[in-house]
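Both chains come to you apart, so use the hints to assemble them.
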Amino acid sequence: MKFEIERASLLKSLSHVQSVVERRNTIPILSNVLIEAAGGKVAMTATDLDMSIVESVAADVGQDGATTTPAQTLYDIVRKLPDGSQIELAEEADGRLLVRAGRSQFHLPCLDRQDFPITDEGDLPSRFDIDAPALRRLIQKTRFAVSTEETRYYLNGIYLHTAEVDGVAVLRAVATDGHRLAQVDMPLPDGAAGIPGVIVPRKVVNELFRLIEDLDGPIAVSLSDDKIRVEFGETVLSSKLIDGTFPDYQRVIPEGNDKVLSVTAKDLIEAIDRVATVSTEKSRAVKIAVEKAKAVLSANSAENASATEELSVEYDAESLEVGFNSKYLIDILNECEGENAQFWLADAVSPTIVRDGDDEGALYVLMPMRV
Amino acid sequence: MSDIRRLPDDLVSRIAAGEVIERPGAAVKELVENAIDAGATTIDVRLDEGGRDGIWVTDDGRGMDPGELTLAVERHATSKLPTGDLTHIETLGFRGEAFPSIGSVSRMTITSRTAGADQAWAVTVDGAQVAAPIPAALAAGTRVEVRDLFHAVPARLKFLKQPRTEFGHAADAIKRVAMAFPHIAFSVADGERTAFRYSAGTGDLFAARLARLGQVMGREFADNALVVDAERDGVRLTGYAGVPTLNRRNAQAQYLFVNGRPVRDRLLLGAVRGAYQDLLARDRHPMLALFLEIGPEWVDVNVHPTKAEVRFRDAAMVRGLIVGALRHALAEAGHRASTTASVAVLGAARPGVYPGGFGGGGYPTGGGGAQRALAAATEFQSPQGFSEGPPTPFANSNLAPAARLAEEHIAPDEAHPLGAARAQLHATYIVAETSDGMIIVDQHAAHERLVHERIKAQMAATGIARQLLLSPVVVDLPESDAALLAARAGEFEELGLVMEAFGPGAVVVREVPALLGDVDVNGLIRDMADDLRELDEALALKDRLAEVCATLACHSSVRAGRLLNGPEMNALLREMEVTPNAGQCSHGRPTYVELKRADIERLFGRR
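Top to bottom, those sequences are chains D and B. Under numbering that gives the first Met the number 0, think of the first position of the first sequence as 0, with each following residue one higher. Under numbering that gives the first Met the number 0, think of the first position of the second sequence as 0, with each following residue one higher.
Next comes chain B alone, as it looks inside the complex (with noise of 0.2 Å):
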């Protein structure tokens, strides 16, 4: 007698629902992906208690008469491989897996009415039963009702979350659904209230993409992103980026579709690792959703059941690609700074509440000093010379507390988005009045920004001088690993890094760029190994090369306290207009921030 037996076809379902549906925002992440192959223009999602008691998917698509409603709910049954091709994927479906893997873990009813028919049909699914087609009421379109999800399966059910924690599963899966469709409305409620209502986009597809972007990850984002769009043989990419002084702690606001489809991907998460670095501090993340359109037959989304990861047949010139257009998209914005720190400032400007009223008591001027120093700043007139020495805060009644400059009065214009230098404050700060507001530039910021590409220029210029090694360094390595490394040795040269295969398991190293001075290869090499196996970029070597170009560009800029005139300034903020990535420091912070005019003038209530 065999121990080995075939398991009952329910067992079998419920096993292959396992891997895709694991909680009730699969489900509902499926559902409402066939609601969009269905044409819908129009999608309302409801969970009561986080979807275990019961989603209603609901949408205005084609619908399916009583015959495809008993076709749908079997296993492998789809209107959605019509070449039987797998390697033709236009959908999001495709492997008619959604309806059968739910209706096995679940009590469900799919109602629905095609166009331009008479009435709906309704067709429920528990378990493994599945009842015939009945007559039902419903307008246009298919609803999905799921109740008791997972009552079949004990386990399953053991391991859910809190309902809150599961409607926010479901709700952000539903968000990365809605940030790739924006022309569809979506509305999401729980058992009481709606959560969210994305109204249908209008417009092209950037503008609706834009204002569902800032509606899906605030308008933060949708104020300091910028366009992404750029094509290579055929691959399209197109999206928003944010700019580098939009940052969070981790990647979790990097959005990536594959034809429409969310996926995490190594690959693309280490592209834009890539296209940000020296922007950004190692551990602070960019926001941005990007999309990416690929013919069918160079991806395959098949590799994963829920469908988050891919796998592109030329991944080197997807990366190529993604890379690139960030750069460019990065360079474009130039200095552009995030708005967000001046909305700070915004919220930190009060007007001043000092003992005896406005202007009166211990201080001569009270609040009007400060008043006066933006009005000077703003509507500056009079030649008054630059001031020396160390400025004496409220000291003087007439004089703001600034140091003023007019050597040499150059009008605010378009051409300048970084304005006139109008004072420096505390031998730190530039003032700059620009055609609609105004601008405070930290120098030392700023400045070693402008070296640090100015340094890089010249490295990418004259080639990295390499230091030969007296006795080559082996690295033994995971056989993977050498294979990687010495895969990209083209690269690295041009890095001053001269490495070769060394059997299967090693790689020797004979020269390394001399600016490292003494440097650990070893650990170099395996932290190269391990970017290259996450992120598939070795950013260890470049980031230690920026690295000491941050150090250098530290030692050689204009420091904080040094007083600077006039033309001094100006001719920093010209620089920074034409220098790309002068908006931010080799960290992510801002090296300016922005006050537009209005700002100025809500600040005393002349809006």
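One chain only, chain D, in its complex shape (with noise of 0.2 Å):
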């Protein structure tokens, strides 16, 4: 194998796979990046079992060939040579890799392409195109809910699925902790009935967040009932799905809530913000008290620092003291892209629904903090 490449072609390519690489592992191949040259182009694979990546950039290829050495090493190489280098590989006759730019030399071990794992995800039933910032905003408004706790490996993903709202389709993601929910719909892209419901594991929605940033075009997601696979431009990203069964969320959703408070999201951040600083607590909560127009934030510490601040709102319903986790409020406050966010309260005890004044389509449920 040999071929020549730009630097900045090559650079982006490995820090899109190297990144689905484990920093440790306990099989050695699986830190190496799989590259293969041929017809002009390079395709690099990365892969930690359950998720994997390939990425196809095309490059002068001298010789066909294959082989896999270590991610981290390659891609910070790669990195630290000067812009605009043309960089050539090389598999060398004692089994490294050169990497040759300019006057820096580097060889690489190598380990035996056979042995690095492909999967094989076969054919993926389901298949729908996706705009890329449609996408992304399933993800972003979502993502923070997703739990980190390992037990509930069900809770550790984004649940995608399809769903009916007044009669109309739409795709739905869904993200819970168990202490708050996100639920996010869009229209349903054409081809995406039908599809079945599947929770997308927290490393790959990070990931594909990711890779996805500065995209504008269609994505090609195809879906099995347990892989996924995403595929753009030269990219193509599979991974296995969370095997289990996402608890049914609506249950958790309150239909009564019926006093609403509308507030400045942007405002109200900077509040929590500052009303939080004097609490030492891990959980920092806040209370809000909202009567007719206002609403007063405080917080307090056990060591005797207190704070309040005041804050005009819409608010027509009776008086109402409520304790948040003001980090969980400011998750989903970060979300609202309108001006105005809405919260739909009950009581101290019940479930409290957000909603984003100008996304319909967004809609949070937050437990209430007993403080």
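Rather than coming from a laboratory, the hints here were simulated on the basis of the structure. The reader is advised that the hints may include incorrect statements.
[Stated by the list, open to error] Pairs of lysine to aspartate or glutamate, EDC-like flavour, derived with a Cα cap of 16 Å: (1) D/Lys326 - B/Asp147; (2) D/Lys239 - D/Asp257; (3) B/Lys157 - B/Asp147; (4) B/Lys160 - B/Glu308; (5) D/Lys286 - D/Asp272; (6) B/Lys455 - D/Glu302.
Source: prediction; values computed, not measured.
Shown next, in the form of structure tokens:
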């Protein structure tokens, strides 16, 4: 194998694939990236056995071939090479990989490509296209609520499925950690009707979000009951899905909350942030006391510090006081794009609904705290 | 014809004996307890070949006359249940099983002489055969001789361990009894030599007991034990508890006695765990000896063949008493840490031997530097200012390898047991001079403990904030576990966990402590159920809360490597003096060690 490639394009592809590689591995070859050169293209593959990513990039291939080499090291080398360099990669007679650019030369150890695990996803029956910004929105507005608690593995991802709102089919993403829940809808993309409900693991969600951060075009999503494949440009990301049943989240979304509080999201975030400063506890709690057209935020600490801040709000129901984990509140409000956030309250111990004034399709449920 | 038949009497006896006498040590224990019940003040025990060949137990108790002797070897014959009421057991024995049980599996001779009788009588039991009493020679008291134990029970004989091991078991049994009766003298010998001899204790019960505990559990324990003395509703708990820094890998060194009877009871062990919680790492165990005096009607000792377990009528009260008494004793001890560490320090501190002799050769100051450091710390006089920057050991022949301070000269006095800070070493350890020695404080460990205690106090004052769960978590459990948990739901609510029974075999959790964050509710509940079942105390929940507190404490406390000035160091010492449990970090390691002046003098051969 031998090819020459421009640094920028190699770096971009390597940065995409190397982040899939776990930093510490018990199986040595999983630290490696598989490099395959053929027909004027170089394909790079990385995997952690659950998820894998393949990205192809054009190169001046002198001799076809394939090998594997430590992904992190190669990435670091390419990163540190001067911008605009032309990089030559070649398999050497002693089985090592030569990396040469200008006057720098590196010899990297290789492992046999035959040992590199290639996951064969087979045929994934459901397939639809979705625009990158729409997919970004689904992920961004829900991923903060994904649970990190490993024993409830079925909450360690975003639940992607179809639903119906007022007779209109939507594609819906839901995430929850048992304390709060995020639910975001979008119009059902063509071909997405009848897809299975799947739980996409947190790592996949985060990788995907990173990969499509500045993408505009359509993204092809293929699904089966236990696998997902996402394709865009020259990149293919595929992964196992979480094998579990997402709980019946509809039950925890209250219906009868009728006290509506309207507030400027940005002002509220800043006020919460300020007030919570005095709280030393790990779960910084804030209390919100609402009355007509006014909300008073307050927090205090066991060391006798306290803080209050008054906010003008739109509110026209009976007075109410309710406590929340300030981090949870800020997480939700951060995702509110519009000027206004709406709180649909019931009482101090029932779930509260938060809606984005400008995004009808997003809904958050937050459980209060007892302070 | 029926297949069911009645077993012969001697077989019945041997089966019964099997339950009580499982090894020589058990026979020894029964015999020693008999001697104690007979009012002995001196008990001598000898075992040959670990008790397999022969056991001799001699006491100076009240003795038996020939008639009593014959009766004593019959099953269920006893002098000890005068009222015939099993709910009023005030002696160690009560079943009347010891002599017949031992007799049925050995060749036993009991020789006894009552006080005032003109001669002794002896009765011999061989298996099921009882011979008539014959005259014998003995001073007042009783001697029981047991030969060829288990000769009639080959199966048991086969499973006996090495003589040394069996002797060890017997010695342990006697030690336990000896701890409970400090006013009785004990001696134990094997075929060749006396293994140990405890003289009869003098003085009041506490003094005698401490001396005896020191003999049995080691000097170290006696030096580091705190007095426990508490009473509630007529139940009295006395004894000694080791400071947390004196800990062991297992709970072997925890001796618990109920009315003088050694027991190993999960309730008692659990209460001990609960009391020492967050003073000790989970896998370390304190040393202690506790004696519970409780009205015989409040405890059932007749639940276990060898009486190793007991049952309390009001278990919650007993647990509360033990936890309360231990906590109180530990809190009173406050900052006291084990002297064990300083003993080790003494061992390590040897006069420096450098090439070229003392004070010469490669090091300009040699061992003198260390000497001078100690001298400077103990006989500090002139104010010298606090030297900044990293110390340079041995670089300057006049300066000790320490940053000295004297911004404010505080004289060590009795009111400040941790003394006055004199220097900081390696930006990590504070050296303080006390009225009768010096102490070295690990600044991070000490401050971490202080912050930990403060956080705990705050948590207790403000209550634990609870996060409500979006959907309650239902945890399926064995029915008994679910009932155990549900019964203590009120207690858990105070700790921030709200749960209730959910049908017979499940509990439902509705609120969790907010500071645990995204917690594995299922795992937590299961751990709590395990702890409740094993130790009668839901340690898992407290452990996790404590862990969070400890992490928090660790992050907000002064680290090693931070230079402290005089007032800062003194403030730390003063706060340690008034903070409970400041003597050890959350894992039972000491936060400071103390060197008595006498120890220092010994180092230099002044004593």
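Hint by hint, which ones does the structure fall short of? The structure breaks hints 1, 2, 4; every other hint is satisfied.
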